[in-house]
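As you go down the protein sequences, you meet chains A and B in turn.
For the numbering used here, add 632 to where a residue sits in the first sequence, where the first one is 1.
For the numbering used here, add 3 to where a residue sits in the second sequence, where the first one is 1.
Simulated from the structure, these hints should not be mistaken for laboratory data.
Note that the coordinates shown come from a computational prediction; the quantities given were computed from them, not determined experimentally.
Each hint should be verified, as a subset may be incorrect.
Claimed, not checked - Only some residues are given here: those of chain A computed to face chain B with a beta carbon under 8 Å:
1) 682
2) 691
3) 708
To be verified - Simulated coverage check for chain B against chain A, where a stretch passes if three residues somewhere in it have a Cβ under 8 Å from a Cβ of chain A:
4) 18-25
5) 72-85
For glycine and all other residues, C-beta sits at the position ideal for the given N, C-alpha and C.
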Amino acid sequence: MPNAVHRIGCRGRGSDLFLLSIGNLLRTILTLGIYEPWARTRVRRYLWSAVEFAGEPLVYHGTGKELFIGRIKGTLLIWGFFLLAAAVAAGVALALGPAAVESGVIDLILWPLLAAGFAVLFSVAIVGARRYRMSRTSWRGIRFSFRGSWRQYLPILLSRALVPFTLGLAYPFVYIRERRFLITRTHFGNRPFAFDGDGRGLFGPWLKALILTPLTLGLYWFWFAAERHRYVWGHTRFGAARFVSTVNGGGLLGLWLGNLLLLIVTLGVAWPFVTIRNLEFMTGHLIVVGAPDLDAVVQDAQKASAAGEGVAAALDFDMELGLAM
Amino acid sequence: MDEPSQKTRWPGWYYDGRTARREPVTVMIGPGGIGLMGEDGRVRFWPFEELRVTQGAFAHEPVRLERGDEAPEAVVVDDRTFLSALRAAAPRHFGHFRQPRQLGRQARLAIAGTVAILGAALAGYLWGVPALAAHLADRVPLAWEERIGEQAAAELTAGLGRCEHPALQRAIEQMAAALARASGLSPDAFRFHVADDSLVNAFALPGGTIILFRGLIERAETPDELAGVLAHEMQHVALRHSTQALLRELPVRILIAGLTGDAPALGQALHAAVTLRSLHFSREAEREADRAAAAMLAAAGADPGALAAFLARLERQDTGVPAYFSTHPPTRERVTALATLAPAADPAAAWPSIADWKTIRHSCR
Chain A
633 MPNAVHRIGC RGRGSDLFLL SIGNLLRTIL TLGIYEPWAR TRVRRYLWSA VEFAGEPLVY
693 HGTGKELFIG RIKGTLLIWG FFLLAAAVAA GVALALGPAA VESGVIDLIL WPLLAAGFAV
753 LFSVAIVGAR RYRMSRTSWR GIRFSFRGSW RQYLPILLSR ALVPFTLGLA YPFVYIRERR
813 FLITRTHFGN RPFAFDGDGR GLFGPWLKAL ILTPLTLGLY WFWFAAERHR YVWGHTRFGA
873 ARFVSTVNGG GLLGLWLGNL LLLIVTLGVA WPFVTIRNLE FMTGHLIVVG APDLDAVVQD
933 AQKASAAGEG VAAALDFDME LGLAM
Chain B
4 MDEPSQKTRW PGWYYDGRTA RREPVTVMIG PGGIGLMGED GRVRFWPFEE LRVTQGAFAH
64 EPVRLERGDE APEAVVVDDR TFLSALRAAA PRHFGHFRQP RQLGRQARLA IAGTVAILGA
124 ALAGYLWGVP ALAAHLADRV PLAWEERIGE QAAAELTAGL GRCEHPALQR AIEQMAAALA
184 RASGLSPDAF RFHVADDSLV NAFALPGGTI ILFRGLIERA ETPDELAGVL AHEMQHVALR
244 HSTQALLREL PVRILIAGLT GDAPALGQAL HAAVTLRSLH FSREAEREAD RAAAAMLAAA
304 GADPGALAAF LARLERQDTG VPAYFSTHPP TRERVTALAT LAPAADPAAA WPSIADWKTI
364 RHSCR
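Isolated chain A, as found in the complex:
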């Protein structure tokens, strides 16, 4: 059955996640925030196991303790970075004297240093968080893993920063480059995912979006985001199996408006319901075509510390579901 179609299911319920979140909130308050990594872990366990493929849910194996230690490590790393920056700043100020401070020469020296430091921190955070999450995810007893390194991600981050200088024209190429890195370095067991997309494939839609988004007061962006989503999944493979996403702009707009309304009306309390709605939307529109060739997959778990995850948390950016991409 080479063209068998498998759907991806979502079994989560907003009300369950809501109760879970209330328990988490109480405990986090009672422990003055120390419980937060455990709370996050409980939410992830719930969300991971809510996603089901071929009758079998994903399993999240991370623990609160790991995340707690990772967060301490991440925070220390950031403190170390800023201490270093402060020492360099004081040293440079002393060495160059007041004239340099007044004329702004000191800014010319310090800003590039800070920017480089931040770029490294962001790369460590993005890659580290993905490594940790993938290594703690399994399906049918086989672990996922992410095998990219922050050094490989750094040039991608830098090229992202350069996109505005090309009037945005380089965006599809940089975006696809990043997706390719994230997807092809992801493994299930010992087998990598494959990606055969190309920036050129997204260039036409991007030009269209550049023109139509302002004309439609931003509404067209949803159609572009949906097309981008379909393109990325449509070029992702695992063995002989490929993915098809049926997300469309209208659906995405409806999802977004509904979420916005829910959050506004409930003053943000509906967050768990919104999370499940997003998950249902993404999984409901994802289809796997063809046999994933599971017999060839062999367990090949990779070690990953939660330190990068800790940096991500300390920098306060979070892409909770690596699952939905």
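Please arrange chain B on chain A, whose structure you already have, making use of the hints.
This is chain B only, laid out in the frame that chain A set:
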């Protein structure tokens, strides 16, 4: 289905933890563990104490048991009555869903390490940074100090308007010169700005610029009282307290801006620290300046007790806390300390040239 207690066998799937294949098994609960019977009739026995429940806490999850550490084997049972039966059979192991919790060696190390690092950081902030600042302050070039001080003075008095009445300026400079010479300092090392504002305040900037507010000058009833304030502020400069405060503040502000993750604030912090929007002297620095000022006043033949009297009167008269005291040690403590330092002197002899102080002090109006 309605009588879960009577059920003894559950269909499930077995995973070997090495491949993605799954094998249908029949799961049975025995006295010391569970048995997994494969289609070939072979039975695997898993003791309760080696099992972990990794799924089954939430209503939408199947029950999942894992065994082993690296690449664990697992069995998954869709029927959730299996979990209640498991709990009934081995309440000690499955009384709660979570894995048995224990504080491992690593966690204890991490906690001890965190406490140690926080302690070291606190100690560094309390003692290390001020010590380093004091050490560095003596090495900062004088020219740099002066330029920063002037820049800060310009910024601080920008919205205030400056009072440049020649008689008052001359009186202040004469007093300062006498005080400086009496304790072997160069009068050229100090510059005085009178800010036209009713604030009762004065402060010293790096490089020798001292800002006096009109409010403070008007409240001084004798030249000796103003001389006390001048001596105190001049000692802050001579002892380089302002530069120390600047150096102490700079890295801490950058650190704070960094920890809040606010990148643009880093630049602002750098600027704010350099332009000295807020200078705080430590209590120790205040005591040191008081002691040195008393010696300076005595050497110049002025009454060191006048500063104490001035401070005490200001505090008595003011209902709110005047700005001059807000970062200083308690006035009572300073007055007592100053009184013990102050030898009796002839108050009339010190400033013969400033006979008409009562007029001069109001010359800014």
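Next item on the list: Could you tell me which of the hints above the structure violates, numbers in ascending order?
Entry: none
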